[in-house]
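Each chain is listed here by its residues.
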Amino acid sequence: MSSVQIRDVRKSFGNFEVLHGVTIPIEDGEFVVLVGPSGCGKSTLLRMLAGLENITSGTISIGERVVNNVQPKERDIAMVFQNYALYPHMTVADNMGFSLKLRGAKAEEISTGVKRAAEILALTPLLDRYPRQLSGGQRQRVAMGRAIVRDPQVFLFDEPLSNLDAKLRVAMRTEIKELHQRLRTTTVYVTHDQIEAMTMADKIVVMHDGIVEQMGSPLELYDKPENQFVAGFIGSPAMNFLKGQVKVNGAAYFEGPNGVKLPLASAPANSDGKPAVYGVRPEHFTIADDGAEAEIVVVEPTGSETQVFAKLGGEQVVAVFRERHLFNPGDKVRLKPDPSLVHLFDDSTGKRLNS
Amino acid sequence: MADIALAPRRAKTEIREATAWEQLRHNRNWLGFWFMLPALAFLIFFLAYPLGLGIWLSFTDTRIGRVGHFIGTENYEWLWDDAIFWLSVFNTLIYTFIASAIKFAVGLYLALLLNERMPFKALLRAAVLIPFIVPTVLSALAFWWIFDSQFSIISWSLKHLGLITQNINFLGDTTWARICVIFANIWRGVPFVAITLLAGLQTVQPSLYEAATLDGASRWQMFRFITYPLLTPIIAVVMTFSVLFTFTDFQLIWAMTRGGPVNATHLMATLSYQRAIIAGQLGEGAAISSAMIPFLLAAIMVSWFGLQRRKWQQGESND
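Just so you know, the protein sequences line up as chains L and C, in that order.
Just so we're aligned, residue 106 is where the first sequence starts under my numbering, counting upward by one.
Just so we're aligned, residue 2 is where the second sequence starts under my numbering, counting upward by one.
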């Protein structure tokens, strides 16, 4: 196990720069999730960490050692690929033991290593099978087993769950987290799924267009997004954004679209009349007599909660309630955001305005 | 539910028994038979019939212009004691073995090379196919000139380099003639092997190589443990075809040497042609051709068992 330091790393393909100076400190034993929409550079960064892509500038170090010019096999990392990349002509045991075999390990050493990893992942009965004979989840576990056998300094996961069906994905999520709690190996995990990021990470790094938008613990990102991108990316259903102006007229409030009045706990200094974006998470709406009037568009009961889509000042918003409201489309309700939990963003830069 | 809903309706409409003709008209197998008929006819007239006729002729003393009589295995007995026939068998085996082995090695090398990232890749790939596209007789004629005893460009070049003083008698010397026809066959056959293996190489997922890189494999180990095993099914197919084509080769030899000098390059196919068509002994020629069948069957059997789905290719796919 060791820490990983990514310092001002840039990557260009020809004249096209895809990473514009990324700095991420990763502590020993930490589970870090790189998350962002496709094309944000997260997979490229992971591949640079693995040594599959060159580093254009900046440094990556694993432990104390700068690995920019270190061969992938010397970096002491193991990677789980999105499509698993299992060798189709080798049994599960051979797949898992391949790296040890290449290292010139003795037969008994290989079989001990493979058995140990197989036990951790409950793969023992499958050791003689070929990848084709396995289900998606089993293949996924073999891919992880192959990584574990090597006992590396760092685990790298490249969207490992995207080929699995929804139910299995949830199960594997737990399994990977459990595995990390057991082995405590530094892990870098790439995904585009913010739920995966939220549920698994010690630290989330939100990336967008080749830069780091924000990093921090899942709840930090959820509760205090530094900008509108992070606010919109983390959380499902996504945060509602309403454009308008901050007004300080005695008490502070926010004038939303079509003059709809929304509460603010306090206004940032010198912000009277400032154009801004008002952000409120779906679960931070309540139904109250002093709320803003909204017209119900669609009601989606999920059983555990009710998602309500409504027009607020002409803009569509979504609210989530734990109660089972029996609304009908066209009904009028009064929605009130919790003023202590709303977010204010700069209209032009998207930066967070309130503390 | 559905049964209850349907029951009264069934009672209303009377169901007429379908006639045998109507049943036949809606029978998918009967229809399928008609769709298969053209292919079947083609196979029977152009493959099965000539093959059967050839085997039948080999048991007769038919000559051109004279109907023969059944003479049992007399033709074969005659061939058994014929030194030239045995020489042609030897030549064919040598020719097939050496040419196929080199075609495989060179073809695999070219395929690996063309699979790398390099400039003008598409152009190079197209260029590799050229020997395959040129009509055999045309390339044979070109080789005939290249290996000409008087005007050979090779002899000319070597003389000018001062390496030899006299022209090499390429197609007049028994050893040289064999080397020359084998060389020409390799030149012609490599593109087929190379392009087919290249197609096979491109089906190997790039992520397997990435995984192997991280597992610590060297370039050679990647070839030895990943590329080669994954390519074996394709290699089996390609080499079967290559062996069959080489074993039955006729055009190249006939255009370059006509089996000479002193029968040194006579293959079974050319000898059969010479005996059957030129000398007119159809029965004997047919017997030589038929004698190729066991060899070809053996080659097919080898690949048949080699080709049987390997264990790692079996099982359900979940993708």
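No lab work stands behind these hints: they were computed from the structure.
Among the hints, a few may not be true.
[To be verified] Using C-beta positions, here's what the derived DEER-type ranges look like:
no.: 1; chain 1: C; residue 1: R17; chain 2: L; residue 2: H430; range: 33 to 39 Å
no.: 2; chain 1: C; residue 1: Y229; chain 2: L; residue 2: S143; range: 33 to 39 Å
no.: 3; chain 1: C; residue 1: F224; chain 2: L; residue 2: G119; range: 55 to 61 Å
no.: 4; chain 1: C; residue 1: I154; chain 2: L; residue 2: S143; range: 56 to 62 Å
no.: 5; chain 1: L; residue 1: K211; chain 2: C; residue 2: I154; range: 30 to 36 Å
no.: 6; chain 1: C; residue 1: I180; chain 2: L; residue 2: R208; range: 43 to 49 Å
no.: 7; chain 1: C; residue 1: I180; chain 2: L; residue 2: Q176; range: 53 to 59 Å
no.: 8; chain 1: L; residue 1: P342; chain 2: C; residue 2: E117; range: 47 to 53 Å
no.: 9; chain 1: L; residue 1: N159; chain 2: C; residue 2: F121; range: 50 to 56 Å
no.: 10; chain 1: C; residue 1: F36; chain 2: L; residue 2: S143; range: 43 to 49 Å
no.: 11; chain 1: C; residue 1: F121; chain 2: L; residue 2: Q176; range: 54 to 60 Å
no.: 12; chain 1: C; residue 1: L298; chain 2: L; residue 2: E214; range: 46 to 52 Å
no.: 13; chain 1: C; residue 1: Q222; chain 2: L; residue 2: E214; range: 17 to 23 Å
[As the list claims (entries may be wrong)] In silico negatives: residues of chain C with every beta carbon more than 12 Å from chain L:
no.: 14; residue: L139
no.: 15; residue: R179
no.: 16; residue: Q203
no.: 17; residue: Y210
no.: 18; residue: L215
no.: 19; residue: M223
no.: 20; residue: T233
Virtual Cβ for every residue (Gly too), placed ideally from N, Cα, C.
Now the hints, each set against the structure:
1. Remark: the range hint 33 to 39 Å for R17/C to H430/L is contradicted by a beta-carbon distance near 60 Å.
2. Checked against the given bound of 33 to 39 Å, the beta carbons of Y229/C and S143/L, roughly 35 Å apart, stay inside it.
3. For F224/C and G119/L, the hinted distance range of 55 to 61 Å is not satisfied, since their beta carbons lie about 30 Å from each other.
4. Checked against the hint of 56 to 62 Å, the C-beta distance between I154/C and S143/L comes to roughly 58 Å, which is consistent with it.
5. Taken as a hint, the range 30 to 36 Å is violated for the pair K211/L and I154/C, whose Cβ atoms sit roughly 58 Å apart.
6. Distance hint check: the CB atoms of I180/C and R208/L are about 46 Å apart, consistent with the given range 43 to 49 Å.
7. For I180/C and Q176/L, the hinted distance range of 53 to 59 Å is not satisfied, since their beta carbons lie about 45 Å from each other.
8. Taken as a hint, the range 47 to 53 Å holds for the pair P342/L and E117/C, whose Cβ atoms sit roughly 48 Å apart.
9. For N159/L and F121/C, the Cβ-Cβ distance of about 24 Å falls outside the hinted range of 50 to 56 Å, so the restraint is violated.
10. With their beta carbons about 46 Å apart, F36/C and S143/L fall inside the hinted range of 43 to 49 Å.
11. Separation of F121/C from Q176/L is about 30 Å and departs from the stated range, judged on CB atoms against 54 to 60 Å.
12. With their beta carbons about 48 Å apart, L298/C and E214/L fall inside the hinted range of 46 to 52 Å.
13. Separation of Q222/C from E214/L is about 18 Å and conforms to the stated range, judged on CB atoms against 17 to 23 Å.
14. With a least beta-carbon separation of about 42 Å from chain L, L139/C lies farther than 12 Å from that chain, consistent with its non-interface assignment.
15. At roughly 39 Å, the least C-beta separation between R179/C and chain L is larger than 12 Å, which holds for a residue marked as non-interface.
16. Under the 12 Å C-beta cut-off, the non-interface status given to Q203/C relative to chain L holds; the minimum distance is some 15 Å.
17. For Y210/C, the non-interface assignment is contradicted: its Cβ lies about 9 Å from the closest Cβ of chain L, within the 12 Å cut-off.
18. With a closest Cβ-Cβ approach of about 5 Å to chain L, L215/C is found to fall inside the 12 Å limit, against its non-interface label.
19. Distance to chain L contradicts M223/C as a non-interface residue, since its nearest Cβ pair spans about 10 Å, not more than 12 Å.
20. With a cut of 12 Å on Cβ distances, T233/C falls inside the contact zone with chain L, its closest approach being about 8 Å.
In this structure, the earlier hints numbered 1, 3, 5, 7, 9, 11, 17, 18, 19 and 20 are contradicted, and the remaining ones agree with it.
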